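Enquirer: Those protein sequence lines, which keep their order, are chains B and D. Residue 637 in our numbering sits at position 637 of the first sequence, and the numbers go up by one each step. Residue 236 in our numbering sits at position 236 of the second sequence, and the numbers go up by one each step.
One or more of the hints may lead you astray.
Pairs involving identical chains hold if they fit within one copy or between any two copies, as the list cannot separate such chains.
As the list claims (entries may be wrong) - The calculated EDC-like cross-link candidates involving lysine to aspartate or glutamate, where the alpha carbons are at most 20 Å apart (straight line), are:
#, residue 1, residue 2
1, K644, E604
2, K608, E640
3, K678, E640
4, K562, E587
5, K8, D296
6, K658, D94
7, K609, E640
8, K308, D2
9, K4, D219
What the hints contain is simulated information worked out from the structure, not anything from laboratory work. Keep in mind it's a predicted model, so treat the numbers as computed, not measured.
2 protein chains.
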Amino acid sequence: MDNKILEKLAKVVRYYILLSTTTAGSGHPTSSLSATDLMTVLMFGGFFRFDFAYPDSPANDRLIFSKGHASPLLYSLYLAAGVITPKEILTLRDFHSSLEGHPTPRFKYNEAATGSLGQGLSVGVGMALALRARISNFEFRISNFPKVYVLLGDGEMAEGSVWEAVNLASYYRLDNLVAIVDVNRLGQSRETMYGWDTDSYSSKFRSFGWDTVVIDGHDYDQITEAFKTPAFARATAGKQNSSIRQAQDKKFISQNYKGRNRPFAIIARTVKGKGVSFMENKDGWHGKPLPKDLLDKALNELGEVDLKLRGKVGKPNIQTRNPKPEILNKSKIRNPNYLIREMVATRKAYGKALERLGEGYPDIISLDAEVNNSTYSEIFRKKYPDRFFEMFIAEQNMVGAAVGLARYGYVPFVSTFAAFMTRAFDQIRMAALGEANVKFCGSHAGVSIGADGPSQMGLEDIAMFRAVHNSTVLYPFDAVSTEKLVGEMVKHKGISYMRTTRGETPVIYGNNEEFPIGGCKVHPLKTQNSELPTSRLLRQSGYEGRARLRGAGKSQNQRKKKRTVLIIAAGITLFEAFKAQQELEKEGIEATLIDCYSIKPIDEKTIKKYGMQIGRVVTVEDHWFEGGLGDAVLNIFATEPRVKIYKLAVSKMPRSGKPEELLDYEDISFTAIIKKVKEVLQ
Amino acid sequence: MDNKILEKLAKVVRYYILLSTTTAGSGHPTSSLSATDLMTVLMFGGFFRFDFAYPDSPANDRLIFSKGHASPLLYSLYLAAGVITPKEILTLRDFHSSLEGHPTPRFKYNEAATGSLGQGLSVGVGMALALRARISNFEFRISNFPKVYVLLGDGEMAEGSVWEAVNLASYYRLDNLVAIVDVNRLGQSRETMYGWDTDSYSSKFRSFGWDTVVIDGHDYDQITEAFKTPAFARATAGKQNSSIRQAQDKKFISQNYKGRNRPFAIIARTVKGKGVSFMENKDGWHGKPLPKDLLDKALNELGEVDLKLRGKVGKPNIQTRNPKPEILNKSKIRNPNYLIREMVATRKAYGKALERLGEGYPDIISLDAEVNNSTYSEIFRKKYPDRFFEMFIAEQNMVGAAVGLARYGYVPFVSTFAAFMTRAFDQIRMAALGEANVKFCGSHAGVSIGADGPSQMGLEDIAMFRAVHNSTVLYPFDAVSTEKLVGEMVKHKGISYMRTTRGETPVIYGNNEEFPIGGCKVHPLKTQNSELPTSRLLRQSGYEGRARLRGAGKSQNQRKKKRTVLIIAAGITLFEAFKAQQELEKEGIEATLIDCYSIKPIDEKTIKKYGMQIGRVVTVEDHWFEGGLGDAVLNIFATEPRVKIYKLAVSKMPRSGKPEELLDYEDISFTAIIKKVKEVLQ
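Whole structure, please, built from the sequences with the hints as guidance.
Expert: This is how it looks when you write it as structure tokens:
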């Protein structure tokens, strides 16, 4: 397209950036103005291809504003494209507007919630991977293949998560990913680390295996040439059967691509506030709209602006396809097949469940941070190698990429140790704000992992995931409930988290038992002799002798009246609670247990019913005292002043040791439960 | 030192790596063996200088095992140095041993808790910065200057936090920092991203401004030469007045150092399992000790091992100095000086407090993630530029570096938006496990920030910090309490967090009021007309009209009986509660307010007393429903069967808008409080 028309369109964009932010009374005009020319050329210069009628089509190019504070630019571009009205853009940052301060899913052309810096490129990595898989068996030129463009600020290049994404994009040779770095030199309060040293950014990208070009971000010829690079200069014909597996296979790639198959970064030297002389390259204007009295002056500087002018965004080069629907082939979903009392670690059942469900749900994808032999996502990997992505030890990028994959309808399951989920809390938080459909599984939860010590013990994961908007938090006890709950996670939309245990626990549920999210299982004392853990079970697990020892000397005739208690536990502590239940019976105490496998949402109705009936509740969890199962239970009884809740949880600094030693040390073992119950009943 | 002796020492080290892990039945021998030669030469080859009598001396070199799973190597090195006995090392991973699975502070020569990968270099950055400041006005050769050595694994190089640290070390020209990358090619489950491509690591480090050398990590001559590089090859004489300020001043550095002043990385190609032929460079041995039957075979391969041999660790090159004590010059600490009803944002009071306390506490250091003009740490920065570190937008490294600074007795205050604290949750968690004395301040908490939207709203920070071991969580309402609580944070040891508010709130406390950690302030209705927020105050803040409007039409004579309620709030919602208190009085409802400025520990005694007296408690917080103030209060009344708790908290997805709109939308405004109180009293 003619530079003159592009320049006219850029004026329209700048006009609305200035007007909308002044009208809103807040926002980031200067950070928007620096990238205006780059984005105008991308969008209207024949590069960005998008079918507004099918925004979810995988044939579309995609654009992510990692520098989410430049949202006035994003919205102004869509105004210049004719899909936002001048009236609408002036609602920027209004309570009832979809044009929020930082982009959210409320704006329908937005790909991901951004605003916490350094996350957009990870989402781009996930989308670039997804595209490879969605557009398969398609004869194409690389120039036709849809691209994912990510606009980054120079300030956010200090975030390590950006380099995680840069690293992985290179590893998977994502040549359909284009990063545009808007090097406007100025951060919020000062110059960035590298100022206008664009070569420094370029050499970093190159050291990670990217191709780069350094340009003047306000020179239309240079910008145009830069965008041509990924689209045309590297174009080579080739029949491509781009299943995800092949995308991961270096040999396949080198045989089938004749280009260099590197992701591409455009490093653009720009001027913050470009277009308004008194804002250009000046400190003190970050995040500040023009006051009304300066707005006219600024708009005058733009010269004549053709407010009616609209740009044309090209249609995709390849046939429009809607996202592949999530296919559920029920006949292909086998039932789990465990034996009662079989000892199975829930982490292993997680892997088996993924594998089992994988056939019926072809959109399930597994991502792991180089611990797939610990989380047991390896069981899925071995069966479906083309649907497993090794994300290496980079949890932040793993979560961001999962958000990108989910954008194309995939159902990503993200697994690592529960402890290391904390590494990606900000990404998880943003995934929730972006209403992403991402599943998490944290293994090795709690002190019961033993010898590896506190750094490996997930003890804050429940608190963390409970505090994520609209999340689901699950913590199964046995293999059957684990498998069933993984199935529930697949069907459930939104952020859900499953906590699994390192050690083995006995199967106590039948293979046909159902475990709806928001439910629980009640284990009254009287069922002890049927399918539930019995002395035989305890004998198997080597606990019986110890339990008997401590119970010795007490006569069952010491019972005076019926003494009852409700014990609420989940995961490993339910095992302890079962043992306590049996011991307590000998002393005439009737303990009813609740397997609270769904911590959020929690089964308020059932728990309330039993709690009100029994009156005394003991909660036990292998998690810090704060924010876990106990707190979830407290909320149920907040306004029920007839029920007393006693919490057992981890409160001392744990250490290396044997699982039993640690459970005892933290007062969450069966002996601690027995002690607490007796205390409560006195 | 003679290579032959070093080789003999390495045999002792390998012997105990194998023996201790087999004895423990778990642990990481192969990851220890790959770095054994590197570490043996460092420690006993005349490079590492350490006075075991004064482990905290800043004259000592320091060693951080970022790859914490190589702890058997760490402990075996100290055995070879003669400070751990053969008996002690066989307690590895025992419950009563200080030799944990991953290093913790229970091992007295350990510098930082590691085990969550990718964090050690950040701690090293902090320590290298601290050393510059601690050893000031000292005439030295760079060769004499204490160094910080960090051992990294190749797998953890995928963590973005490593690159944050690499970036910042280069920016601050930390030539006393040496990274040693143990490139043993194999991760936990597979080959790392770059295998043995040592040049790839080298070029990455160089692109970030480091010097590097690539060596064979088992060749003693090459290892020796490599360690000589930072110590001697770049040595230049120079009188150095290395205050922190000067360390940040590029011009000063370029004038005073004649070397290149770059941090230094040794990239060592190594063999995982080196020394045991059947473990060498083999998959499947990660994190696995030798079974007993293979141990003898492995030990035989070592050949003759002189188990009595001990190596000598040199004393520091410069005079031993104990850490500078924390100086408290009370006369230099001015009192805050606010006027009742003055409108001040607590974030600003935080900055003022730091500045005010800075003189009396010379060890206070401020770190900020490029938002110091928002968190107001800029007030401190301007007064004490040499004690402020710009950490740029890299929160993970910021927290790790703070841990390193604290290791030398500094009192680091880490500030950014509360929302972005989530970025460093893993580092915060590890700081707690390492018993680090680090202070955090998160600004812009809650939906009350308004127009910027949910990505900028800290809504999970209380849940997150409550779930940190032994943490303190503070949330002041006004400027005086903020200032006083910053003072309490300085005196308190351990992880403490303060949450501050973007908007202004009125000063309600006198400058002499005290705010101990674990306390609260009770505001009964009757004090409304004295020093506390009054109608005048509300008039000032423009709320009165609105409040009056909603209260209109209700006669004060409608009171029938004394109706009472206890409202517990903190920060911005306390402002709403004050307004509600006044309105409710008109309707004959007596609301007692508690300013719960200390959320952890919480003032159980006072809150329980008032709660039991009044019986109905409403909590209000600008935080997600889960894990915040309300849950802390629930815990107090868990076993008090006479008190009903009603929680008001953020539960809908927030959005851009005006602060009042958002408080209303989330039902945490004064109108929501009034509504809830009336409901409760029905």
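Enquirer: Next, verify each hint and record whether it holds.
Expert: Here is what the structure says about each hint:
When the C-alpha separation of K644 and E604 is checked against a cutoff of 20 Å, the pair qualifies both within a copy, at 16 Å, and between copies, at 17 Å. Both within a single protomer and between protomers do K608 and E640 lie at most 20 Å apart by alpha-carbon distance, with minima of 9 Å and 17 Å respectively. For the homomeric pair K678 and E640, the shortest alpha-carbon distance between copies (18 Å) is at most 20 Å, but the shortest distance inside one copy (23 Å) is not. Proximity of K562 and E587 under a CA criterion of 20 Å is satisfied intra-copy only: 10 Å inside one chain copy versus 48 Å between copies.
Taking the closest pair of Cα atoms, K8 and D296 come within 20 Å of each other only inside a single copy of the chain (19 Å); across copies the shortest separation is 80 Å, beyond that limit. In this homomeric assembly, K658 and D94 come within 20 Å of each other (Cα to Cα) only across copies, at 8 Å, whereas the closest approach inside a single copy is 56 Å. Taking the shortest Cα distances, K609 and E640 sit within 20 Å of each other both inside one copy (11 Å) and across copies (19 Å). Within a single copy, K308 and D2 get their C-alpha atoms as close as 18 Å, which meets the 20 Å cut-off; across copies the closest is 82 Å, which misses it.
For a Cα distance limit of 20 Å, the shortest separation of K4 from D219 inside one copy, 12 Å, qualifies, whereas the shortest one across copies, 64 Å, does not.
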